[in-house]
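Use the sequences and the hints to build the structure in full.
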Amino acid sequence: MDWKIFTRSILVITEKNVRIYYFKGPVIIFGLLFPLIMFLTFFIGRSLDLVLFFPGFLGMMLFFTASSVGPLITPWEKREKTYERLLSLPVILESVIIGDLLGGALFGILITTIVFCICAWLLHLTVMNAGLLAFSFILGSIAFAALGTLLSSPSTENPSNIMMLSSLVRLPLIFVSGIFIPLGQLTGWIYILTSLSPLTYLVDLFHAALNGDAVYPPWVDVLVIVAVILIFVLCAKGIQKRNLVKGI
Amino acid sequence: MDAIDATNLSKSFGTVTAVDDVSITIPEGGIFGFLGPNGAGKTTTIRMLTGVLIPDAGSVRIFGTDVGKDPLAAKLKMGVIPENGTVYSDLTAEQNIILTAKFYGMDRTRREERAGEILARLGLTSRQNDVVRTFSKGMRQRISIACAIVHSPPLLILDEPTTGLDVYSRRLVIDTIRHMNREGSTVLLTTHNIEEANALCSMISVINNGKIVATASPEKLKKTFDTSRYVEISFDQPVGPALFSAPGITRAEPWGDKWRVYSDDPDLAVKYLASVAERDQLTIISIATSNPTLEEAFVKLTGGA
Ligand SMILES: Nc1ncnc2c1ncn2[C@@H]1O[C@H](COP(=O)(O)OP(=O)(O)OP(=O)(O)O)[C@@H](O)[C@H]1O
Ligand SMILES: [Mg+2]
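Residue numbers (my numbering), protein chains in the order written: chain A, 871 to 1118; chain B, 16 to 320.
No lab work stands behind these hints, which were simulated from the structure alone.
Some hints here could point you the wrong way.
What the hints assert, rightly or not - Reference excerpt, derived from the structure (chain B facing chain A, CB under 10 Å, subset only): (1) Ile69; (2) Lys90; (3) Glu98; (4) Ala163; (5) Tyr183; (6) Leu187; (7) Ile189; (8) Asp190.
All values derive from a computational prediction rather than experimental measurement.
For each residue, glycine too, the CB sits at the ideal point set by N, CA and C.
The structure is reproduced here in structure tokens:
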């Protein structure tokens, strides 16, 4: 395989996604507004412990942002009939998957950084490990953009089916990810469920970076998230390849 | 080297065999037509040639590069318009062309130069900065072709490039196809317009029920099916079928205000018809012998009436 052409195809697909799907007034405004509303409902008028809950909020926000648009790209392009033309250009499935993933990840990193900066300034937050925090932003955005790409893979020409699937998968995840109840306080089957959610490990990583009160060592969190990225990408590849065989 | 060398391609969808052991070799240089009725398997074949559908069996080489093994290199050599394929409607005409050019690694000056050139050729210069969403079908199709030729591909594969276009758009598209061919692109296209195939193609393959049933130049195809020759004749007064029962005439049928008289030897039939007219004191208003048409060959090959 020619790595130069492959890299180029990924970058051009990313550019296409950013221009067509992300760099849109409504998408960016909603992207920023959503965390803000979440933040208000989370913290205003309640005496929640910021130290305890802010990492959870940040994780949830990044999770939603990075996986918001990705699930819709491929179904949308199939319906608009641009998908087949894209595939006949010098690209392979991996270029499409990684290009879609990078679009979502960039969006996630950008929005999360802006929101984090605003919050840090308003709340006078302190950060224990800024490097780790930046790294977690990137890693988390990639992971949940990968989830978005996986959700976009099942064959359908109707984006609203994917919307449904996407909500069905994404909403329950936030309840089992140590966001509303800190990981350290969980026991029993809730704890088991929570340790199955990839978001748990990102939130834990944020705890490590912001306050240093993580449950797992950071390398465990990183390892789990990297594994999750690989699983998401490989599953997306498997499903999309099957679609290519079935001709849909 | 052959532009396309496909061997033993097969594809089934459930119980439907869309393409059944098809082998095609397309030498470099010509315009190659793919004809066949709806559902014959043209699009399925083209999708396998362009690497967007994985065949059940068989392999495809584009200028020697295997599409299955090295898709990136193979796709670099092609420009494709998929059936019903469209460009991005949120981008402008020019942005679409330039984005496509980036996939082929063209540098900035070359991209912009080429985009301007192609937009002018396809009569879209005045709309180059409008988003494609606002375009008519014909204009969209012209943008699709613009994107397909942006990198001057050695091979152009076009699935129904002229379907649904008005005379003006159709001419622009056809002129562009001819131009690209003169500039060195080998062309493979499908069409339902047999006249267009006749006028454009140097070779034609007819595909039916997933199999290639004939491959030849348009003239050869016509010759092969040069059996249903006929004479069209009209008289100044009504005549009955009995007039046409004579040796050498296989069949006669009313055809508007005329009769179509089928014969293995139309010249002989003309002589005979002239003599009966004289005998029965009929005046011949018009008489013409048929030339074999590609359409007839097509209908014969694909089992139509
Ligand atoms: N993705 C698919 N799933 C199931 N069946 C399919 C699929 N694609 C094509 N077919 C079937 O394969 C057969 C060949 O279809 P194809 O689109 O190749 O025909 P075609 O020659 O291009 O026809 P047309 O002239 O109408 O475009 C048809 O019977 C069609 O229903
Ligand atoms: Mg077709």
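Report the numbers of all earlier hints that the structure fails to satisfy, in ascending order. 5, 6, 7 and 8
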